[in-house]
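Chains as they are written, first to last, in the numbering used here: chain A, 478 to 656; chain B, 478 to 656.
To be clear, the hints were calculated from the coordinates, so they are not data collected in a lab.
Don't take every hint at face value.
Chain copies aren't distinguished; within one or between two, either way the pair holds.
Here are the simulated BS3-like cross-link-like pairs (lysine-lysine), alpha carbons at most 25 Å apart as the crow flies [said to hold, decoys possible]: (1) LYS644 <-> LYS541; (2) LYS541 <-> LYS594; (3) LYS558 <-> LYS633; (4) LYS644 <-> LYS558; (5) LYS541 <-> LYS641; (6) LYS644 <-> LYS595; (7) LYS541 <-> LYS633; (8) LYS633 <-> LYS595; (9) LYS594 <-> LYS625.
Protein chains: 2
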Amino acid sequence: MRHEIRFSGFGGQGIILSAVILGRAAALYDNKNAVQTQVYGPEARGGASMSAVIIDDEPILYPKVRDPDTYVIMSQQGFEKYGCNTRDDAVMLLDSDLVHDRPSCRYVGIPATSVAKKELGRDIVANIIMLGALTTATSVVSGGALEKAILDSVPKGTEDLNLKAMKKGQELGIQGESS
Amino acid sequence: MRHEIRFSGFGGQGIILSAVILGRAAALYDNKNAVQTQVYGPEARGGASMSAVIIDDEPILYPKVRDPDTYVIMSQQGFEKYGCNTRDDAVMLLDSDLVHDRPSCRYVGIPATSVAKKELGRDIVANIIMLGALTTATSVVSGGALEKAILDSVPKGTEDLNLKAMKKGQELGIQGESS
């Protein structure tokens, strides 16, 4: 089973780090193969940020993202670029305050940035809330693997904050606005 | 002209961030094409870290690293894995305190971690010293592009420290132990 996960948002949201953490979770702790890519294009020039992860049970011979089945979208611009032409069977997690449109595929809306700011005091962990939601809304990565990969990757001293964000995301992944 | 740059070291040295910054410099500010990849493998399980960037004047149709022409190596383990079988015409930047062996290809040894700690007070910027050295020891990225990409990528409040590290690396790239 091959999963292609596309992350998109704006600079400063931790879009690349999200992909790095997800790839690490899958490869090191879920015992799968993973490749994380970051293709710099014109969109990056506008302050947009984009990254991707391919996760597969088998070795990954073709490391280019062709047609994602999973999206994590944290800006309206990111939705406009990647969200309008998804596969019918794709799943999208979107920040429901920052993305105004809704996709034709299944989606889960998470008010990640506003919850990060209001309940956790730091909007910088919105990306970790989105990753937490990914573990309950999809099967691309397990909660246990994600927790370990977060602990490996976040700055020392911020572990508790990030684990709180992950758990908040897991709750919201079950309860969030969805189709 | 296609360049493949391989970074290797251990977790916490900023090996992935180095690749992200380099790709950003090339694509956004040197007007080239760039793909940054992070393949998670068994080596990552041992605390090793590895990343790569492909930079090309032409669109990158094949995003897999085949045979790097440029290496940035920040641990002895990284050297043992990637440094022993390089192309004869490759160039390697290595942290001369952390890597004990020397390659058969051309190399520049930079005491990045010890200079970062002793002269800048923070060993975390050793990777930025290595990137600075890359701009004077090779032509893969320009100094101006690197400076802008560093400013885009490092945490707010650390810009001066990181630019000092870059400039220190540029000096050391000229003066460092080399073959």
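Status of the hints after comparison with the structure:
| no. | hint | verdict |
| --- | --- | --- |
| 1 | LYS644 <-> LYS541 | neither (31 Å within a copy, 35 Å between copies) |
| 2 | LYS541 <-> LYS594 | neither (35 Å within a copy, 39 Å between copies) |
| 3 | LYS558 <-> LYS633 | neither (35 Å within a copy, 28 Å between copies) |
| 4 | LYS644 <-> LYS558 | neither (29 Å within a copy, 37 Å between copies) |
| 5 | LYS541 <-> LYS641 | neither (33 Å within a copy, 36 Å between copies) |
| 6 | LYS644 <-> LYS595 | within (15 Å within a copy, 40 Å between copies) |
| 7 | LYS541 <-> LYS633 | neither (33 Å within a copy, 32 Å between copies) |
| 8 | LYS633 <-> LYS595 | both (23 Å within a copy, 22 Å between copies) |
| 9 | LYS594 <-> LYS625 | within (24 Å within a copy, 29 Å between copies) |
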